[in-house]
Amino acid sequence: MKKLKRFVCIRASAGVAFACFTLNGFAVDYTTIDLSKSKINFTTKLMGSNLKGEFGKFSGNVVFNPDQPEKAKVNLMIDIASFSAGGEELQEEAKGKDWFNTKIFPVANFVSDSVKVIGIDKLEIHGLLTIKGKTVPITAQATHQRFGNDLVFDASLKLLRLQYALGEGTWGDPSTVSNEVPVNVHLVLNKK
Amino acid sequence: MNEERYHPIAILIHWLMAGVILVTWSIATVISDMPLSPTRITGYSWHKWLGVTILFLVIMRMLWRGFYPPPKFTIVMPLWQKRVMQLTHISLYILMITLPLVGWLMSSAKGFSVNYFGLFELPDLVEKNKELGIFLKETHEILANILVGLVLIHVFAALKHQLIDKDGLLSRMAFTQSKKERSL
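From first to last, the protein sequence lines are chains P and E.
Sequential numbering from 15 applies to the first sequence in the working numbering.
Sequential numbering from -2 applies to the second sequence in the working numbering.
In case anyone wonders, no lab produced these hints; they're calculated from the structure.
Take the hints with a grain of salt, since some may be wrong.
Within a straight-line C-alpha distance of at most 20 Å, the following computed DMTMM-like cross-link-like pairs (lysine to aspartate or glutamate) qualify [stated by the list, open to error]:
no.	chain 1	residue 1	chain 2	residue 2
1	P	Lys148	P	Glu194
2	E	Lys127	P	Glu68
3	E	Lys107	P	Glu68
4	E	Lys134	P	Glu102
5	P	Lys205	P	Asp164
6	E	Lys107	P	Glu107
7	P	Lys66	E	Glu138
8	P	Lys66	E	Glu128
9	E	Lys107	P	Glu84
10	E	Lys125	P	Glu68
11	E	Lys125	P	Glu102
12	E	Lys127	P	Glu106
The structure presented is a predicted model; accordingly, all values stated were derived computationally and were not measured.
From just these sequences and the hints, can you work out the full model?
Below you can see the structure in the form of structure tokens.
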């Protein structure tokens, strides 16, 4: 009986707290990334031909309030070994020394620095992207949109692979593998 | 114009395709066992660009053949040889169409888009699918081997007519008339 009482109490207090938030009109921050619905995709060009790929595993922390987007904070940790594009041979090559060198640099990360509002639901995110131990400031264009309890966040950026020493040696020629790599980050956030 | 020869455009496309097919096949033969490298990517790109060219040329050739049918066949040969010749020609046409198409499908299934000389992108024909990719790769190789066999039959038959039978068959597909024709 005692146990049940306490349970009810906790529930009640949680309910009160929630009611307080909504009554006072505090927009609740979106703080959780729904990893099952979120995606990181990229497109590279081999001799002018598009090759699409993705990083299947990543995690991160985010604080996003749609009413105060300029206060948003994002950091993402990408498991480089979850690279997927082309066939097995290409995947193995990508993990190798000339490319991501996943043995020594298993994780890439992005940390946001500042966020600027550039239009209705449109943001410009400045931050530092570290891949293969090299940190380069980048700017991403992003949009955000509410879908029920979720907030869908889409950011796109163009990174230059050679700035991160991706593709060393004979791979350096950008006419075979393009230097510019468009990346799309699709995050589904919820409040939990 | 001599009626025993193919139309000059048909002759041009025939020899152009012979050259392009030889180069396309040679590239694949050289690079298929290479480890992944920029050279191999460059090679495969050329292989695909030329493969798409073959598909385009064979379509033009068949259209041309529709408007300008081949000259009447007047050379005497046993019926079985004639049948083998027809079967070889029909099979060559089928392969010139299906080989590039299977290659294109295979590329799509393996997740690589095909473009044309870096100028424009061709649509992906199927979604990325590993098993389908492996199946199409094997099909592409089998068809290529059949094509090699048929080309060899085609070339040896032409040489036999030219060197042994000396019946002037080759002049039907030659850029210049044979001596025999000129003397007529």
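Broken hints, by number: Result: hints 7, 9 break, sorted rising.
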